[in-house]
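A.B. asks: Chains as they are written, first to last, in the working numbering: chain A, 1 to 300; chain B, 1001 to 1305; chain C, 2001 to 2403.
No lab work stands behind these hints, which were simulated from the structure alone. C-beta atoms are modelled at their ideal positions from N, C-alpha and C, and glycine is treated no differently. Be aware that a few hints might be false.
[Stated by the list, open to error] Partner residues are not named here, just some residues of chain A that face chain B (Cβ under 8 Å, in silico):
| no. | residue |
| --- | --- |
| 1 | V93 |
| 2 | V101 |
| 3 | N102 |
| 4 | I105 |
| 5 | F112 |
| 6 | F120 |
| 7 | F276 |
| 8 | L283 |
Here are the chains, one letter per residue:
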Amino acid sequence: MDLEIVWLFVQQGVASGLVSGAVYALLALAIVIVYRTTDVANFAQGEIYMAASYLAFFLIVVFAVPVWLAIPLTVLIVCCGAALFQRVVLTRVSSGRGVSVNLVIATLGLSFLLKGMVRFSGFGDAPRSFPSLVPDGAVMIGDASLTYLDLVILATSLLVMALFFWMFTYTKAGRAMRAVGMNRRAAALVGISLSRVQMQVWAFSGGISAVAALLIAPKLLLTVEMGHVATLAFAAAIVGGFTSLPGAVIGGFIIGVAENLVGLFISSRAIVVTPFVVIMLVLILKPQGLLGGAVRVRKV
Amino acid sequence: MKPLLAAIGILAVLIGAIVLETSATGYIVYLVNLLLVMLVLSLGLHIVVGESGQFSLAHSAFYGIGIYATAIATTAGWPFILALAVGGLAAAACGLVIGLLALRMRDIYLALSTFAFGEAMQWVFLNWESVTGGPNGFNIPPIRLFGIAIMSDRMAFPVVAVLAALFLAATLVLHRSGFGRALRAVRESEIAAAAVGVNVRLMKLAAFILSALLAGAAGGMFTAFSTFIHPDSLGFSNTIQVLTVVVVGGIGSVWGVVGGAVAFGLLNELLRQLPSYQEMVYGAILMGFMMFAPRGVFAALRRSR
Amino acid sequence: MRKRVKLLGCLAGTAMLGITGAALAAEPGLTDTTIKIGLFGPLSGASQAYGQDVLNAAKMYYAKINAEGGINGRKIEVVVEDDRCSPNDMVAAVKKLVEQDEVFILNGGSCSAPVVAAKDYVVRSGVPWVMLNASGDGALYPPQPNIFGALSISQRAVGGSTVEFAAKFLHAKKIGYINHDDAYGAWNLEAAGPQAREDGASLIVESVDPKITDVTAPVLKMRAANVDVLVLTTYAGPAQLILKKAQELHFDKPIVVAVNAIANLKQMVDNVGSKDAFKNVYIEELLMAKPGSEKLGWVYDLYKKSYPDLSSQPGHPQVYMPYGIPPAEVVVKALQAAGRDVTRAKFIDAVEHLDFNSVMAGPIVFTHTDHAAQKASIYFKYDGENLTEVPGVFASRWTYKGN
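Could you build all of it, start to finish, from the sequences and the hints given here?
C.D. replies: See below:
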């Protein structure tokens, strides 16, 4: 492979990788904030993301709701749905007697339920799309080509992340979340309402996933299986250190770029297995990832 | 009272088995064969998740290794008992490796890495074409038992049933033994178990190996009556099905697993008639049980009595 | 204790009598007035669009034959099972139809991978099996005595035909070929290679996962390799993503989309997002004419008459619906040829002598050694709105060279 093509592949791989990486970063963020504050690895994160896109599709294409209304409506509904799941199902599960993995199993149940609901609605039979708000066209960055939609995805993702970090650091609700994430008992002792914070966190997690879905949906196609990007998000979170928020974001971009470069330089067939290999390697060799703290041991 | 109950139970099962073998349609026998394979798979998952408390999501990988290894041995002309042993041991060897790695991980990290391993193994099944046939699948030749080729579900049923009974008995014995108690002690509290002299690392490793052995054996049983295997059936959704059985039956109870497997088999066949509801029902079951009967349906029944 | 043994002995004995009694009866699925046919296909699940209406078409054809008097004094009785295009479900469906419903002939299968799963059981049972629209390569090569298929087209023939079109009509010397790394993809590639070599062209292959979402890598590689034509034998989703990406990356060579990707043209254009991406796109068609054309009018009219409620729903009839006609025609013609005292063996022999024109691009031909019926396609240029037929029928030359 001559040098010119290698350089082209590197540029395109990095450029496209940053765009898809932004979406993985958002999802990884959603996964990590939930894990930090409620100790649940949300195996339904991908399906929440998938259901959000189908909900938007349903509103826009079937009910002809105008786009400017459908988008915030989708985000709102998903936020409420996620908070409801936490309040109704997860609090019940964590209070019951049983093994600690029950929470994860409950999220697995949610993932099946969501998938089944979308399939049942009849829209899952063929890949779907909904119209892009961004005009067609592309820019060249060096030798790499990125569409206007790609740039919007990247910019909006970064904006959402920045907003989230601002909220997390400077607002009262954010500080409460951080407190719960650091030490649940102490937070309860100083009067923070655990159940309210946990609901809020789930709502944010759902909202971020919905935003990610709305951003990427015009670029990809809606299929019932699209939730499998959650595996990439998990890989991203693990690479960054499963308990670190900035780590999740960095991990997302790393996974996005790695995925593209593997596809370009190794083989298209190897793309699918890359996240799994990454997860295993990181957990075996350096479980705290790039930025995570020492791996917490919860059981005695 | 109990021995008489047990004797009647065993006789009922025997009569049921004979009726099945002689007069039920081949289709029903096929369904029962599948159910027995699921039972042994679930017993395997029960040992690692229920007894030793390690949340492993790699079960389909061991099952797949068992199927391919047994099928390859059978293709090479080996008699079934030997081929089955190959399948079980190959899976157990893999379980040993994963178990060693698992010793360094907890809870969610263990779940994630075993999940990743399971998916990576499915990719290997799909891409290692020279061994597994890759995306073309693997045509499983009929097994040979005492010189006879097993050519149908009906012929395979006695073999499958005897094996399932053996593995069930072995799991029960394990459950009631000191080894089982040690495993459960590790599940409840590793530090306390170590304090009373339990070799925690060895116990956890042994649980992984046994679990993989059973999964591999279940794979061998599958080859007794199936003619084809494709990597699509060996992924995470298969692991989830086994997990559902263990969860519904009751994590930690062997008879619960048996009940769960039977319930699952019935539910599966029922849902085949209502395909659009399948996933929703699975999801609702998982969530419902975690909310209302986290120790499984049979524990809940026992409680209410 | 003795009583119990006696009881068991009686039960066993009665069971034995029952079995031998059944074995001495006539051919299963046949009575004086009926022939039982076991239909199965994906009536639900992810692949429903590939088979639900195909099955409906076969069913309506049988109903039409019944209305015209049946076959040699017998009416066709249909039993339907859902196989969801999954190996486990197809095996269960086939076992149920053969053992529980005791059908005379199996007529089903829209997806190739599960067909392979069911193959050995069907071969052992000896029940004749005429597939629906499954490519079915895994059960057709090597040929099995009682299995017939490729009534739509085999995957081998898809590979051969698309390459033939690229080489002969588009004069390509370097053909880019994107397929999947599953069984389907392996089959179409197996014929594509030799056909390209014979036509004097080289084949640049990229195999991608069916679930792929980011197609930057394969499309970029094709552009960098400077191919003359890009052939896609992927499923609908990846094909649409590739068309989109090709437009983004300014790949403007002709793109030939195989039938594997074309379930719904309008949805395809919607998903790709702009008609500009279709400036240089050709699609493969297996029917003898455009779907919905007047040459096929009788099929669509019959569908509307047979399923008035379904045909008023959006998305129906599904694009592949007419593919259900050739399999049903095969079954009916063979039954007619076999005569009144038909047996399964006579039916199989009759099928192996069939050679007729149906609704497909090429004739339906079986021989004793070749149980794959249809091997040709026609092509259309598609600009996102209109289909313009390209003259000529492009056939695959691949043949099975096994022992």
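A.B. asks: Once the shortest beta carbon distance from I105 (chain A) to chain B is found, is it less than 8 Å?
C.D. replies: holds, 5 Å
A.B. asks: Would the stated hint for N102 (chain A) survive a check requiring a Cβ distance to chain B of less than 8 Å?
C.D. replies: holds, 5 Å
A.B. asks: Can F276 (chain A) be said to touch chain B, with a Cβ gap under 8 Å?
C.D. replies: holds, 4 Å
A.B. asks: Is the hint on F120 (chain A) kept, meaning its closest Cβ partner in chain B is under 8 Å away?
C.D. replies: holds, 5 Å
A.B. asks: Please check whether V101 (chain A) passes as an interface residue: C-beta within 8 Å of a C-beta belonging to chain B.
C.D. replies: Cβ of V101 (chain A) sits 4 Å from chain B, so the hint holds.
A.B. asks: Does V93 (chain A) hold up as a contact with chain B if the rule is Cβ-Cβ below 8 Å?
C.D. replies: At about 5 Å, which falls below the 8 Å cut-off, the nearest Cβ of chain B leaves the hint on V93 (chain A) intact, so it holds.
A.B. asks: So, as I understand it, the hint says F112 (chain A) touches chain B; can you test that by seeing if any CB pair is closer than 8 Å?
C.D. replies: holds, 3 Å
A.B. asks: Going by Cβ atoms only, is L283 (chain A) closer than 8 Å to chain B?
C.D. replies: Given a least distance of 4 Å, the restraint on L283 (chain A) holds.
Of the numbered hints stated above, none is contradicted by the structure.
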